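Given chain V, work out where chain U should sit, using these hints.
Read top to bottom, the protein sequences are chains V and U. Here the first sequence is numbered in my numbering, starting from 1 and rising by one per residue. Here the second sequence is numbered in my numbering, starting from 1 and rising by one per residue.
If you are wondering where the hints come from, they were derived from the structure by calculation, not from laboratory data. Nothing here was measured: the structure is a model prediction, and the numbers come from that model. Careful: at least some of the hints might be erroneous.
Covered stretches of chain U, going by a simulated chain V footprint (3 or more residues, C-beta under 8 Å) [unchecked claim]:
{"id": "1", "stretch": "436 to 445"}
{"id": "2", "stretch": "642 to 650"}
{"id": "3", "stretch": "703 to 710"}
Each residue gets a CB set at the ideal place from its N, CA and C atoms; glycine is no exception.
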Amino acid sequence: MSRALLQLQQVSKHYPGHPPVVALDQVSLDLLGGELVVLLGPSGSGKSTLLNVVGGLDRPTDGSLSFEGLRLDQADDAQLTRYRRDHVGFVFQFYNLVPSLTALENVALVTQLAGAGAMEPEEALAEVQLSHRLHHFPAQLSGGEQQRVAVARAIAKRPRVLLCDEPTGALDSHTGSRVLEVIEAANRRIGAATIVITHNSAIAAMGDRVIRLADGRVVDDQRQAARVPADQLQW
Amino acid sequence: MVGRVWQRLGRDRPLLLKGARELWQLRGQVLAIMLVVAAGVATFLMAISTYASLQATRASFYRSQHFADAFVQLTRAPERLARSLAEIPGVRVLETRVAGGGQLRIEGFDDPVRAWLVSLPERGEGQLNRLYLRQGRLPVEGGRGEVVVGEAFASAHGLRPGDPLPAIIRGRAQTLRVVGVGISPEFVYQIQAGAAFPDFKRFGVLWMRREALAEALELDQAFNHLAIALVDPERDGPAVLAELDRQLQPYGGRGAYLRADQLSHKFLSVEFDQLRALATVFPGVFLGVAAFLLHVVFGRMIAAQRETIGVLRAFGLPRRRLLLHYCGMVAAVVVLGVLPGLLGGLWLGRQLGAVYLDFYRFPALSWQLPPLAVLAAFVIALLAGMAGAWSSLRQAARIEPAEAMRPPIPPSFRRGLLERTLLRPFRSLLLRMSLRQLLQRPWKTVLTLLGIALASAVLTLGLFQTDALFYMVDRQFAYGLRNDLQVVFADARHPQVLDELRRLPGVERVIGIRYEPVRLVHHGVRRRVSLEAWSQDPAGPAALDLKRILLGDDQLGAMPSGGLVLTDALAASLAVRPGETIWVERLEGDRRQFAAPIVGLARESIGSSAYASAEWLDRALGDGPRVSAAALRLRPDADPQALYDRLEARPAVIAIGQRSAAIENFYDTMAESMDIFTRVSFGLAALIAFGVLYNTVRIAYAERERELATLRVLGLRAGEVSQLLIADLALLTVLSLPLGALTGWSMAKLLSLGLQSELYRVPAYLSPATFASATSVVLLAAVVAAIVIHRRVLRLAPLAALGSRE
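Looking at chain V on its own, in the form it has when it is part of the complex (with noise of 0.2 Å):
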């Protein structure tokens, strides 16, 4: 394991209402570069929320959260983009692939924007093994194929941070487990600090570390000695 990539140190995240909802309460962790995180919760635990302020997606309202040196807390909309660009590769429960794109094409949007050192996206999608299926519009895709092109899109660019929501939350069990495995060799490869959040347990034993929320809470946070590969885990 590496040194802190990302550090949260007392981040809350409040929104207004009638009464406001905390979203987050004052957390506090490392994240290390290259490790697998399972993030585990019941809805309403502050899962989503804590990838949104990690992937730079939304600012905290309280606390710091820096990235390598950055500041994300107090980062403006454009410095938050290039984070994103540059260290980010996101995965989400319903694919969220351009329908008007192929399989390659859209590889290659990341790609193209990301520039030298990412991979070629015939290279990504080997990675997940869809080299078969290059110029397949994502209608023409089944679930699990349209989010390993999910996966792929995600990986290209060899980013520092690897954030997945809910990979598998629309997918069966064979096809999500087919999922797990492309993520958990992504991560390998490249060596990206890897956040998968799930509502599943029976994911954590994937991870290297497994932190459990709870009303916006970190209730539980535990190393774990060995992983197991996702080809064995039973849900």
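Chain U alone, transformed into the frame defined by chain V:
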């Protein structure tokens, strides 16, 4: 009953609330549709109410002022003849009159001014064609020199009772005095015979007591005009006309005619009909656009509510009530548009009525709004709305309860032939996305293009009338007719008179014109025209120089020899073609009839004319060479004022027409009155263009919000993301421009067909400036839509992309 409705409403309350809240959410788009519906309804009601009001106003004015049913002009008949004419069966009232032309001098206005003087009975106001006094009084009995002046002319020159009015009648100068200002059913449309457009500054109608005018016109104890009221114009008309013609033949009768052929009435009828044509074209375009917008907005709404509809169906909502619910929403939007449209239409109708009132000089506008028109506006707008939303409504009704449970399916794209060929050269992924959106949703693209094209068509149509009018005048007067002055003689005379004119200082060339009132007959169809025959200029090349006949768009011809050239509209109404022969009945003198070959057709937009060479006509009529008018070309150094003075002093000259001033006046007044129209159509077109473009891009935004947010999450800047939508918009806009030009032209063509009459053939001509204006409005609307959508993308939260929200 009320209780049951209340109960029903109570039961439907949740659905009603749902509908109302959803419409409120879409308020921007709903407002755009409302405005377009309102514009359609307003233009419809404006045109219909103005049409109905003008018809009613004219009818009541004719009634109150006892407008005659039939008219005759003749050279001179003794007054005693009136008694036998009045006994013709079918004649109810017959009034003899004297009328003739003269020249007026208006202080501070140098151009020649022509007057048409009409007699009033020596006592009282007469039985027919009564004057309606706006100011002052009628001339006193035996009041020499006292005149009532037509209101349009009086206001053009600021004439008021008490003002002196120097005139030259039959070469004699005399000073008339204005005692009143009035209007007459006979001259509602004050236009000179032979002119295409009114010129209130250079032509005025004056009324004098009979004896005074007869003396000035040298028509003592005689008359040269008849106004007749018939017992039953429909039944008795033809027989009375024939008998009048028979009895008046020895007195130079020029053929009796019914009200339908009376100049002012005929022009009014044509203009009213044109108004009716406008009542269909403009509202049609607006409601078409409204239907398109409803289609787009409801299509999107129903697609987005697929799950909700599934759930409602799963809860047991019958298909019929679901359909009713969405129909109700469409109806609500339409009705919300119809109501301001009604108010706007009423207001605009009154405004337009006032404009027409100013132009036509009726005593007061009897404002009408046919209740059926209001109902029709509602029904037509609702039908258009339902038609537009129909496919979306059907889609809603087809949604099965199970749909609610299925995850959304990504919109499908394929790699078709277009994809492999057209898109190949485009490397930019963003551009590819745009092109695919357009190419793989062809119906949507075509509808959007049509929507924008309609906007540019509205503007094109707004400007079309000015274009067509200016084109007509330019062709007819600037291109076809090349003289500087036209001098009209009191009666036909020997061409020697032309030599006198040639000797006047400043005159370069003089061509004689013979006007001969004739009736053309072909296979039982009759048309009265004034045959126009131009003579050769002995001093120079053919008369082609001063008068050219428009044979085609750019083809000019000389006067025909050996027969007649008819304007194509006249030929069409007589169903005669070149090479065929037609009967010509002379309406004056010996009333001879002769056959004349048709040797060509003239493509003229104004009037119905028949042309011949003077030599041919003189031969055909057999009464020796005659001229009724002369066309003059002046030298560049000529002093027009000195020339007018010399011409006016001649008894034989009754009118002097100045071509350039008339054209300039036309351009000035038309440009002024068209200005308002142009502004309104600019505004409406801009509204539609913006409505269509904004709705299109707004819906694209709504449909692709997740996709756009994803791109933001992936690291695209807001500017890059908005570029994507703006690229779509730009592509659509650019593609719509040629289509808009084509649609505008087609609609202009359609409108020009609707505006055809014997008096005008409105050409489907559009100037490059019109196309440029239409294009710039669409581009401007696109820029505004782009700015609005860019601001929205700036506010777009990347979080919208994420599936799970806390």
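How the hints compare with the structure:
1. Check result for the stretch 436 to 445 of chain U against chain V: holds, 3 residues qualifying (beta carbon to beta carbon below 8 Å, three or more required).
2. A count of 0 residues in the stretch 642 to 650 of chain U with a Cβ less than 8 Å from any Cβ of chain V is obtained; the coverage claim is therefore unmet, three being the minimum.
3. Figure legend: the stretch 703 to 710 of chain U, annotated as covered by chain V; annotation consistent (3 residues with Cβ-Cβ distances under 8 Å, at least 3 required).
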